[in-house]
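Enquirer: Could you put the whole structure together from the sequences, leaning on the hints where they help?
Number of protein chains: 2
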Amino acid sequence: MKKFVNDPKDFVPEMLKGIALANPDTLAYVPEFNLIMRKDAPREDKVTIIQGSGSGHEPAHVMTVGRGMLDGACPGDVFAAPPAHYVYETAKTLASPKGVLLLVNNYTGDKMAFEMAQELAEADGINVRTLFINDDVAVEDSTFTVGRRGVAGNFFVMKAVGAAAEAGADLDELVRIGQKVNSRTRTMGAALTACTPPAKGSPLFELGADEIEMGVGIHGEPGRRRAPLATANEIIDELLESVVRDLPFAAGDRVALMINGLGGTPVSELYVLYGRAHEQLAAREITVGRSYVGEYCTSLDMAGASVTLVQLDDEIEELLAAPAEIAARVF
Amino acid sequence: MKKFVNDPKDFVPEMLKGIALANPDTLAYVPEFNLIMRKDAPREDKVTIIQGSGSGHEPAHVMTVGRGMLDGACPGDVFAAPPAHYVYETAKTLASPKGVLLLVNNYTGDKMAFEMAQELAEADGINVRTLFINDDVAVEDSTFTVGRRGVAGNFFVMKAVGAAAEAGADLDELVRIGQKVNSRTRTMGAALTACTPPAKGSPLFELGADEIEMGVGIHGEPGRRRAPLATANEIIDELLESVVRDLPFAAGDRVALMINGLGGTPVSELYVLYGRAHEQLAAREITVGRSYVGEYCTSLDMAGASVTLVQLDDEIEELLAAPAEIAARVF
Numbered sequence: 001m002k003k004f005v006n007d008p009k010d011f012v013p014e015m016l017k018g019i020a021l022a023n024p025d026t027l028a029y030v031p032e033f034n035l036i037m038r039k040d041a042p043r044e045d046k047v048t049i050i051q052g053s054g055s056g057h058e059p060a061h062v063m064t065v066g067r068g069m070l071d072g073a074c075p076g077d078v079f080a081a082p083p084a085h086y087v088y089e090t091a092k093t094l095a096s097p098k099g100v101l102l103l104v105n106n107y108t109g110d111k112m113a114f115e116m117a118q119e120l121a122e123a124d125g126i127n128v129r130t131l132f133i134n135d136d137v138a139v140e141d142s143t144f145t146v147g148r149r150g151v152a153g154n155f156f157v158m159k160a161v162g163a164a165a166e167a168g169a170d171l172d173e174l175v176r177i178g179q180k181v182n183s184r185t186r187t188m189g190a191a192l193t194a195c196t197p198p199a200k201g202s203p204l205f206e207l208g209a210d211e212i213e214m215g216v217g218i219h220g221e222p223g224r225r226r227a228p229l230a231t232a233n234e235i236i237d238e239l240l241e242s243v244v245r246d247l248p249f250a251a252g253d254r255v256a257l258m259i260n261g262l263g264g265t266p267v268s269e270l271y272v273l274y275g276r277a278h279e280q281l282a283a284r285e286i287t288v289g290r291s292y293v294g295e296y297c298t299s300l301d302m303a304g305a306s307v308t309l310v311q312l313d314d315e316i317e318e319l320l321a322a323p324a325e326i327a328a329r330v331f
Numbered sequence: 001m002k003k004f005v006n007d008p009k010d011f012v013p014e015m016l017k018g019i020a021l022a023n024p025d026t027l028a029y030v031p032e033f034n035l036i037m038r039k040d041a042p043r044e045d046k047v048t049i050i051q052g053s054g055s056g057h058e059p060a061h062v063m064t065v066g067r068g069m070l071d072g073a074c075p076g077d078v079f080a081a082p083p084a085h086y087v088y089e090t091a092k093t094l095a096s097p098k099g100v101l102l103l104v105n106n107y108t109g110d111k112m113a114f115e116m117a118q119e120l121a122e123a124d125g126i127n128v129r130t131l132f133i134n135d136d137v138a139v140e141d142s143t144f145t146v147g148r149r150g151v152a153g154n155f156f157v158m159k160a161v162g163a164a165a166e167a168g169a170d171l172d173e174l175v176r177i178g179q180k181v182n183s184r185t186r187t188m189g190a191a192l193t194a195c196t197p198p199a200k201g202s203p204l205f206e207l208g209a210d211e212i213e214m215g216v217g218i219h220g221e222p223g224r225r226r227a228p229l230a231t232a233n234e235i236i237d238e239l240l241e242s243v244v245r246d247l248p249f250a251a252g253d254r255v256a257l258m259i260n261g262l263g264g265t266p267v268s269e270l271y272v273l274y275g276r277a278h279e280q281l282a283a284r285e286i287t288v289g290r291s292y293v294g295e296y297c298t299s300l301d302m303a304g305a306s307v308t309l310v311q312l313d314d315e316i317e318e319l320l321a322a323p324a325e326i327a328a329r330v331f
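For the protein sequence lines, the chains are A and B, in the order given.
Heads up: the first sequence begins at 1 in the working numbering, then just goes up one per residue.
Heads up: the second sequence begins at 1 in the working numbering, then just goes up one per residue.
There may be inaccurate statements among the hints.
[As the list claims (entries may be wrong)] Distance condition first, Cα-Cα at most 27 Å in a straight line; then the derived DSSO-like pairs of lysine-lysine:
id, chain 1, residue 1, chain 2, residue 2
1, A, Lys-2, B, Lys-98
2, B, Lys-98, B, Lys-200
3, A, Lys-9, A, Lys-111
4, B, Lys-17, B, Lys-2
5, B, Lys-200, B, Lys-180
6, A, Lys-2, B, Lys-92
7, A, Lys-180, A, Lys-46
8, B, Lys-2, B, Lys-46
9, A, Lys-200, B, Lys-2
[To be verified] So, partial list: chain A residues that the calculated Cβ filter (under 10 Å) puts toward chain B:
id, residue
10, Pro-24
11, Gly-56
12, Val-146
13, Gly-264
14, Val-288
15, Gly-304
16, Ala-327
Just so you know, these hints were derived from the structure itself, not from any lab.
Every residue gets a Cβ at the ideal spot worked out from N, C-alpha and C, and that includes glycine.
Expert: Okay, here's the thing in C-alpha cells:
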C-alpha cells in the first residue's frame, strides 16, 4: 500500500484534525464523535443540515461543511457508517429551534444509524426529518443497499437545501426541495482501478489490467458489467446513455452536468470526459446550464469517474448558483 | 495504461475544449495555438498576465485563467514546453497598452520558448516582461533545468500578481511583486508512484513497491534520494524540514502553507499531511496565516504530494486574500 498514512486506525481522526486546522475561523472538530461543524452553528434562524457517511468519499461530506451547505458532518471510519450515537450527539449539539434535516445516502448501515439517531433526537424533543439520496442508476439493489445507491448526486441535494436553509426556508420546505432535487438527479460511474482502504492495505477488489467496471459503486461494489478497457469517448457515451435514459432526460431539458473524479484520476482526464458529454448532450438538444468538473464524491484512490445530470428548473438553478463557502475550495 | 483518453495526440486539445465548454461565459479556446483566454481580455486598464508550460500539471495553468489570476494560458503537449510562436501569438492576441507579463516556471525548454516569444513581441512594439519561478528546493540543477525548478509555488506568484493587476498595478510593480513572492516561496515534493503520460502508455520511471522518491520533480525528475516507504508523518517531516531550512523560515514568521496533491493522491491523505505540517510549524513558532490543501500543480496521475511555504507580509497576504474566479473550483 503506497499512501500517506500513519497508523490506519488514526487515518480518519488525523484527516479531521487537518480539516479543522486548515479552517480555524469557520470549522471546529469534536473528536468524541467525529464531528466537523460550523463554528457559528447551531443558529436559531436556520434549520440545521447534517450529513454523515463512511469516510473515504472526501470532499463528501466533511469538506462540504460551511456557509450555504452543511452545518455539520459526522463520518464513520473508512467505508463504515457512523455509529448511531455519533449522529444523535451531532443532532443534539447542532439542534436549532427551526429543526434538523438529516441527509443520508441510501446504504443499509447509514440508514439504520440515521433512523436510530432520529428516534433518539425526537425523544429529546428535537424536530428531525431525514432525507435519503439515491441517484445511482447502475443497479436496483447493491451489496450494501436495498434500492439504489446514493453517490455524487448528493452534492446537488446538499447545495440546494443548504442555500434554501440559509435563505430562511423551514423544515418542510427543505424536505420538499431535497426530494425534488433527488428525484431529478441521476448518476453512473466507471472504475479503471480498485481502491485501497488504509486498514486493508490491498485493493478492495480485483480488476484486470485491461478491464473496467461499468456502474461501479463508491465502495467498489459491482456495477452492471466488467467491460474491456475502452476509449474515453466510448466510456462516457455509455455512462451518459444510461443516465439520460433513466429519468429520462429529453430534448429541451436544461441540466447541470457533473463529471466527478473518484480519487485517483487527474482533472485533465475529467475535462476530456466533460467535453464529450457536453457535445453529446447538445446533439440530443439538452442544454448544459451549469457545469461541475472535479472531485465531489470519491472512493479513496480509485481511478475512475462518474457522470451526473440534474434536470434544472428556475428554483433549482437559483439554489445551485447561490454562494457557499466550504473547505473544498482552491482558495 | 488505464486512463480516460482517446487518441493520445488529441489529449490536450480535448481537455482544452472541455475547459472552454464548461466555462462558456468566461473562457474561450483558440485551437490554433492551444490558447485558453479570458473572454474579456485584453483590457486597456490592466496588464495582461500569461503563463504557459507543458500540459499534465492541471489545474496549472489552463484552469487558473480568470478574474484575479491569468488572462491566458498557452500550454504545450504533455510535459513539453509550448512552441515559441504559440507564446508569441498569445502575447499578441492578449496585448494590453499597459503591457504583458509572462510567467514561466524555470525549465530550459519553457525558458527558451518564452524568451524567443518576448523578442518577437517586442519587435512588434509590445511591452513585455518575463518572470521566472523557481521554488523547488530539492535540487540545484535538474534534468530539464539549469537552476532550481518551478513547481506548485507558482500558484502564489500567479495569485499575487493577478490580484495586483486587477487593482491596476503597472508592469514594473507586478514584476516587483512577482519577484518578491517567488523569493519568499519554497516547495519540496515526494512521489509514491510514477506517472504515465498518455502518449507513452507506461510509467515514466520505475519506483519499487516499497520505494518513494524524496524531492521528485513534477515531470518525474529525480529528487534527492530514493527512500524506503515511510509513514505520512515521517515523509512530511522530512519535506517540511528541507523547506524550512532553505529560506530559512524562522520563529515569528507568518506563512501560507500549501499541501499540493500530485494527481493520484486523494484529498483525505492531503489533510493528514496538512495536520502534521501545521502542528510541526506551530512547534517552531511559525504561524500559518493562510491554508491551501488540494491539487494546484500536478504530475498527471502521480501519487504524491508537495509542501509549499510562503513567508507572508501584509502586502502578500492581502493579495492572496483578494477574490478570484477561475475554472479550478468546486462550484
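Enquirer: Look at each hint and say if it fits the structure.
Expert: Now for the hints, and whether the structure bears them out:
no.	hint	in the structure
1	A:Lys-2 x B:Lys-98	violated (49 Å)
2	B:Lys-98 x B:Lys-200	violated (42 Å)
3	A:Lys-9 x A:Lys-111	holds (24 Å)
4	B:Lys-17 x B:Lys-2	holds (22 Å)
5	B:Lys-200 x B:Lys-180	violated (38 Å)
6	A:Lys-2 x B:Lys-92	violated (46 Å)
7	A:Lys-180 x A:Lys-46	holds (20 Å)
8	B:Lys-2 x B:Lys-46	violated (43 Å)
9	A:Lys-200 x B:Lys-2	holds (23 Å)
10	Pro-24	holds (8 Å)
11	Gly-56	holds (7 Å)
12	Val-146	violated (28 Å)
13	Gly-264	holds (5 Å)
14	Val-288	holds (8 Å)
15	Gly-304	holds (9 Å)
16	Ala-327	holds (8 Å)
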